[in-house]
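So the sequences go chain by chain: P and R.
Position one of the first sequence corresponds to residue 744 (the working numbering), numbered consecutively onward.
Position one of the second sequence corresponds to residue 744 (the working numbering), numbered consecutively onward.
A portion of the hints provided could be inaccurate.
Ranges between beta-carbon positions, derived for each pair [said to hold, decoys possible]: (1) L994(P) to D964(R): 40 to 50 Å; (2) P892(R) to L994(P): 24 to 34 Å; (3) W1054(P) to E798(R): 31 to 41 Å; (4) P979(R) to D887(P): 46 to 56 Å; (5) G1021(P) to Q1034(R): 27 to 37 Å; (6) G1056(R) to E939(P): 58 to 68 Å; (7) A827(R) to G1056(P): 29 to 39 Å; (8) A772(R) to W1054(P): 37 to 47 Å; (9) D882(P) to D964(R): 44 to 54 Å; (10) W1054(P) to R817(R): 55 to 65 Å; (11) A827(R) to R934(P): 48 to 58 Å; (12) G1021(P) to E798(R): 25 to 35 Å; (13) S862(P) to D964(R): 25 to 35 Å; (14) G849(P) to T962(R): 21 to 31 Å.
Here are some chain P residues the structure puts well away from chain R; computed CB gaps all over 12 Å [claimed, not checked]: (15) G773; (16) T781; (17) G802; (18) L843; (19) S1061.
Hints are computed from structural coordinates only; laboratory data are not their basis.
As the structure is a prediction and not an experimental result, all values here were calculated from the model.
Ideal Cβ positions, reconstructed from N, Cα and C, are used throughout, including at glycine.
2 protein chains.
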Amino acid sequence: MTVPATTSAGLIAVDWGTSSLRVYRLDAAGQVLDQRSTSIGLLACQGRFEAVLAEQIAGWNEPLIIMAGMIGSRNGWFEVPYVACPAGPREIGAGLREVLADILPGRRIVIAPGLCDRSGGRAPEVMRGEETQILGLFDLLALDHGAGPHTICLPGTHSKWVTVEAGRITSLRTAMTGEVYAVLRQHSILRAGMAEPVSPKPDATLGTMPGTTPDEASTSDDRAAFELGLTSSREPGGLLNHLFSVRSRGLFGELSPTEAAPYLSGLLIGHELHGLLGEVWAGDVHAHDGQAVHLIGNAGLTARYHQALAWWGVATRSHDEALVTRGLFMLAATLA
Amino acid sequence: MTVPATTSAGLIAVDWGTSSLRVYRLDAAGQVLDQRSTSIGLLACQGRFEAVLAEQIAGWNEPLIIMAGMIGSRNGWFEVPYVACPAGPREIGAGLREVLADILPGRRIVIAPGLCDRSGGRAPEVMRGEETQILGLFDLLALDHGAGPHTICLPGTHSKWVTVEAGRITSLRTAMTGEVYAVLRQHSILRAGMAEPVSPKPDATLGTMPGTTPDEASTSDDRAAFELGLTSSREPGGLLNHLFSVRSRGLFGELSPTEAAPYLSGLLIGHELHGLLGEVWAGDVHAHDGQAVHLIGNAGLTARYHQALAWWGVATRSHDEALVTRGLFMLAATLA
């Protein structure tokens, strides 16, 4: 049974991913009144999504609950079909799907769709969750930067590169940079030449990279090793060849064990930028002097991407991940 | 104490790598009289190399024992310094180092050096063991194919691409193709969309890839998926982007769970070839029509590389891994 509910009574915004669950209580103007988070991601609560959600939002009585992220995937609560690019708030809003409330009677619970890009006869591209953060940036983009096209990068386990033009997301590309970094660091021979991380273990799920924590980003040696990785990524040979240089430079004393990880990070991010910026901007980034890449992510990781893009001569502008509440509020406003 | 010993009394050739130990008894003409192998690699016998060797060659009394492979590395029995390219049998022979026999008195035990290529101000390149297999191919190359340059590829965990000219190894490049395949297949999100291997588990040490076992190479669907991977590797976006297509094509039913692994293999080998063939041949492989790439490796893996190179219009010629005994015999002949 559908309970009519709009933003006029405030709402609960939910960002539910593979490894974390964040809930926000918003007022009728979309301002965050309260927030909670937990590491109970999808994988930890198969079959009892509603019970977990009810516990997280205990005491919050807004009638509308709107969710984004992998919760709408095949392994989530309910699979919400992807909406195709180009898509803006209206198209994405039209793709919202309602799930029946059982433990939370009297609530209206909707899940946002992901986005897919199947243009050009190439492999399909998909995202779930990031599109909602990007929607949260729409007002700002339009106000400060005109109709676009704008280039937005969300670095992470699976970095997303998104183009926004005239209020719609027009294209989407993914790079598995964070996950490749994590599996190589933890499971390949390259681990042998690397100092153990000083802080949280690299985690394929979280996509921790050097720079994610202040500890790992703090030294000038780290920055120099990261930049050597960027430079080396432009040598001939390709990524599979360059990866071996993490080991061979270590053998010849060109990289210390603490420098090996930021060097690997630089190699990978260098390849990500070359592969995707070249495409986005037809290989001529200098034609875009003055147009910044908008970075959405945690401070440490966006700092690395800022350094990499600066090395390339590209300006950046960083935005907080909390954009997701603005995006969800915008989607909620499309509900009848 | 050095025991004079040359090939005139036959010799024992040893190929000792990270995960296997192969011993061969050769006569005075270099013919293999007997051979044994075990999976006791370096990692399994730290500090007791000579005892393990003595057990493996029990009953063989040839006075000269010559070894190649990671046994000469920092984590091996004795670290033998790398010899620099360009290097032929004479230069590599001059780099042989003797270890003192204790459990095997009266024997002369020598270890071959690895090779390094530090040309061009780029990251160093190294190999240990493969150079000896390549030496074993020298007579054949010179007889059948002239002075060169010849291109030799040894696919595997760390694929090696080697150029031989006028009887010397002149350059060397590595691609971590097999290891990247194994860690992604075992430890990344891509595993979720893949059927479990029908035969031995992918192993980062052995660099097992689809095609290594007849089971995995046998179907035409596999070959088609592998070729789709090769084709996709030439799309814009770069490897870190293409890897995500293993997942996204699975989501949209473009790849079945059994096709995902050969597709990944095709993507990776396609990137290896593009990165390294482009360099070896200055990007114009067609200028080398009629010049084959010489492949050294197991039958399943060289079959994959044959398919990939054929797709590129490049002919191949496959050679057996047993070349290592010829190479070690050639090196033994340089001993005083």
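Hint by hint, here is what the structure shows:
no. : hint                             : verdict
1   : L994(P) to D964(R): 40 to 50 Å   : holds (41 Å)
2   : P892(R) to L994(P): 24 to 34 Å   : holds (26 Å)
3   : W1054(P) to E798(R): 31 to 41 Å  : violated (55 Å)
4   : P979(R) to D887(P): 46 to 56 Å   : violated (30 Å)
5   : G1021(P) to Q1034(R): 27 to 37 Å : holds (31 Å)
6   : G1056(R) to E939(P): 58 to 68 Å  : violated (46 Å)
7   : A827(R) to G1056(P): 29 to 39 Å  : holds (37 Å)
8   : A772(R) to W1054(P): 37 to 47 Å  : violated (59 Å)
9   : D882(P) to D964(R): 44 to 54 Å   : holds (49 Å)
10  : W1054(P) to R817(R): 55 to 65 Å  : violated (33 Å)
11  : A827(R) to R934(P): 48 to 58 Å   : violated (28 Å)
12  : G1021(P) to E798(R): 25 to 35 Å  : violated (56 Å)
13  : S862(P) to D964(R): 25 to 35 Å   : holds (27 Å)
14  : G849(P) to T962(R): 21 to 31 Å   : violated (55 Å)
15  : G773                             : holds (32 Å)
16  : T781                             : holds (22 Å)
17  : G802                             : holds (35 Å)
18  : L843                             : holds (25 Å)
19  : S1061                            : holds (22 Å)
The earlier numbered hints that this structure contradicts are 3, 4, 6, 8, 10, 11, 12, 14.
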